[in-house]
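Asker: One-letter residues, chain by chain:
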Amino acid sequence: MVSIENLHKKFGKNQVLKGVDLSINEGGIFAVLGPNGSGKTTLIKSVLGMVIPDKGTIEVQGNNINKSSEYRHKIDYLPQIANFPSNLKVKELIKMIKDLRKPTNEEIHLIELFKLEPFLDKKLGNLSGGTKQKVNIVLTFMFDSPLIILDEPTSGLDPISLIRLKDLIQAEKAKGKTILITSHIMSFVEEVSDEIVFLLEGKIYFKGTIQDLKTKTKQPDFDHAIASILTNNHA
Amino acid sequence: MLKILKYSFYDLMRSRWSYVYFAFYLLLGVVLLFLNNDLSKAVITLMNVIIVLVPLIGTIFGVMYYYNSKEFTELLLAQPLKRPSIFLGQYLGVALSLSMSLILGLGIPFVFYGLFKSGAIWDFSLLLITGVFLTLIFTALAFNIALSNENKIKGFGYAILLWLLLAIIYDGVFLMTLILFEDYPLDKLSLVGTMLNPIDLSRTLILLKLDISALLGYTGAVFKQFFGTNFGLIVSFSVLVVWVMLPVWRIVFKSKKKDF
Chain A
1 MVSIENLHKK FGKNQVLKGV DLSINEGGIF AVLGPNGSGK TTLIKSVLGM
51 VIPDKGTIEV QGNNINKSSE YRHKIDYLPQ IANFPSNLKV KELIKMIKDL
101 RKPTNEEIHL IELFKLEPFL DKKLGNLSGG TKQKVNIVLT FMFDSPLIIL
151 DEPTSGLDPI SLIRLKDLIQ AEKAKGKTIL ITSHIMSFVE EVSDEIVFLL
201 EGKIYFKGTI QDLKTKTKQP DFDHAIASIL TNNHA
Chain B
236 MLKILKYSFY DLMRSRWSYV YFAFYLLLGV VLLFLNNDLS KAVITLMNVI
286 IVLVPLIGTI FGVMYYYNSK EFTELLLAQP LKRPSIFLGQ YLGVALSLSM
336 SLILGLGIPF VFYGLFKSGA IWDFSLLLIT GVFLTLIFTA LAFNIALSNE
386 NKIKGFGYAI LLWLLLAIIY DGVFLMTLIL FEDYPLDKLS LVGTMLNPID
436 LSRTLILLKL DISALLGYTG AVFKQFFGTN FGLIVSFSVL VVWVMLPVWR
486 IVFKSKKKDF
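Going line by line, the protein sequences match chains A and B.
Counted from 1, the first sequence has number 124 at position 124 by our numbering; the numbering is strictly sequential.
Counted from 1, the second sequence has number 242 at position 7 by our numbering; the numbering is strictly sequential.
It is worth saying that the hints were derived from the structure and are not from the lab.
One or more hints might be untrue.
Distance condition first, Cα-Cα at most 35 Å in a straight line; then the derived DSBU-like pairs of lysine-lysine [to be verified]: (1) LYS55(A) / LYS177(A); (2) LYS18(A) / LYS241(B); (3) LYS387(B) / LYS203(A); (4) LYS67(A) / LYS489(B); (5) LYS123(A) / LYS387(B); (6) LYS241(B) / LYS102(A); (7) LYS122(A) / LYS241(B); (8) LYS317(B) / LYS305(B); (9) LYS493(B) / LYS67(A); (10) LYS444(B) / LYS89(A); (11) LYS89(A) / LYS102(A); (12) LYS89(A) / LYS67(A); (13) LYS132(A) / LYS276(B); (14) LYS102(A) / LYS489(B); (15) LYS175(A) / LYS317(B); (16) LYS166(A) / LYS216(A); (17) LYS352(B) / LYS102(A); (18) LYS122(A) / LYS352(B).
Let the sequences and hints guide you as you build the complete structure.
Answerer: The following block contains the structure:
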């Protein structure tokens, strides 16, 4: 699905990615974890073509993404911070994104799921952070793309919406899609992900299931396993 | 690109600032006509305001719009869209909505005053055309500054500095050079100097069309010889077009290389 080879990226003097090799197979939920500044977002943004790598190649479904924009038809992306033009109404925004990508009717079901009907005629500038995040989720999930990338999807969500989001992620997985998630909430990651990719200082430190990680670090639970990686590496 | 342009334009057309800008020109037009009671004189006064104000508004609005829509731009970047089309669409959205505020705001009072029956219509059109050019130029410059500076405060600082430089400091330095080298023939130099700054170029273009170039003395005569002819007019507009093209080209170039 996604294969990354020898990816390097430097911001000024800060070498963020130092030769990342990663291949993600089709189907399943992959969590990208790592301490702050380990390059999670940079990695994800490189796949999206928002960050242009200094070195290395990225392929999505076998096609090199270099200087192409068409491949993004196959990716749904949920950004970390959702901020929309404040003068547009929610339904206008949905219409606009549909207009930019492709027609779909999936949003009706999603709007209902996240109880967004009362907000459809409100301007985006007047929405609360959590509601904006829900709109963001609707925009992400309404296209039926084979690869879904979620950057901190839980931020600002209330408990009910969080449960709905988890269900939604599982439903997408059941359709055979590949889902990439970054999150700082370990319980969320442990619950949803099949496999984790642990980034440390710009390199892949670990890739495998949570069970493998527990065995490798000899820790009884996931939280402690992650903590032990971080303390052992003084990160 | 057209879709992005459409939505940016639509978004801006509903923003309060577009209306404030529009209302300001409307008021300015009405007041000037009322005070001057004469179309041609109103055009001259307007020119002085437009030449300074349009670049300022274009710069500030351009920078502000870019920084304000940064997160949304990131959302657009994740869509199957080409980078230049996103940024050119946004740029044109800002520039066109500003131009529209200018044209409608000034146009409405002048039309009601009887613009179409008066001889000032060409002068007035020239005023609006240069106004639109200045908007296009300075919004593009503003986008360039914003694209190159992640830091908002720095971006705003450079934008204001750019405006100060072209609208005020340039003239000062230009004048000083002319005084300093007054023993030498300077008509060619001053002609080139005028061409290089879009604000000066617009001002000269309008002044010479208004037939008050006699006030400019000997240099005025040289200018009239050049700008007054069709050749001069074509060269001037070409220079203005180049002034639009260069920053627009850099928007495209820069946007392809930038990390978000």
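Asker: Look at each hint and say if it fits the structure.
Answerer: So, going through the hints one by one against the coordinates:
For the hint linking LYS55(A) to LYS177(A), the alpha-carbon distance of about 28 Å falls within 35 Å, and the restraint holds. Simply put, LYS18(A) and LYS241(B) have alpha-carbon atoms about 41 Å apart, too far for the 35 Å limit, and the pair is violated. Between LYS387(B) and LYS203(A), the direct Cα distance comes to roughly 32 Å. Compliance with the 35 Å bound is thereby established for this hinted pair. Pair hint LYS67(A) plus LYS489(B) holds up; C-alpha atoms about 14 Å apart against a cutoff of 35 Å.
The suggested pairing of LYS123(A) with LYS387(B) holds, with an alpha-carbon distance near 25 Å, which does not exceed 35 Å. A hinted pair counts as satisfied when its Cα atoms are at most 35 Å apart, and LYS241(B) with LYS102(A) qualifies at roughly 17 Å. Of the pairs offered as hints, the one joining LYS122(A) and LYS241(B) holds, with about 20 Å between alpha carbons and a cut-off of 35 Å not exceeded. Distance check on the hinted pair: LYS317(B) and LYS305(B) sit about 16 Å apart at the alpha-carbon level, within 35 Å; holds.
Under the criterion of a C-alpha separation no larger than 35 Å, the hint pairing LYS493(B) with LYS67(A) is consistent with the structure, at around 13 Å. Between the alpha carbons of LYS444(B) and LYS89(A) the distance comes to roughly 46 Å, so the proposed pair goes past 35 Å and is violated. At roughly 19 Å between alpha-carbon atoms, LYS89(A) and LYS102(A) fall within 35 Å of each other, so this suggested pair holds. At roughly 33 Å between alpha-carbon atoms, LYS89(A) and LYS67(A) fall within 35 Å of each other, so this suggested pair holds.
The hinted pair formed by LYS132(A) and LYS276(B) fails the criterion: a straight-line CA distance of about 52 Å is larger than 35 Å. For a cut-off of 35 Å, the pair hint linking LYS102(A) to LYS489(B) stands: about 28 Å separates their Cα positions. At roughly 29 Å between alpha-carbon atoms, LYS175(A) and LYS317(B) fall within 35 Å of each other, so this suggested pair holds. At roughly 28 Å between alpha-carbon atoms, LYS166(A) and LYS216(A) fall within 35 Å of each other, so this suggested pair holds.
With a CA separation close to 50 Å, the supplied pair LYS352(B) and LYS102(A) exceeds the 35 Å bound. The straight-line distance between the Cα atoms of LYS122(A) and LYS352(B) is roughly 46 Å, outside the 35 Å bound, and the hint therefore fails.
Comparing the model with each earlier hint shows violations of hints 2, 10, 13, 17, 18; every other hint is respected.
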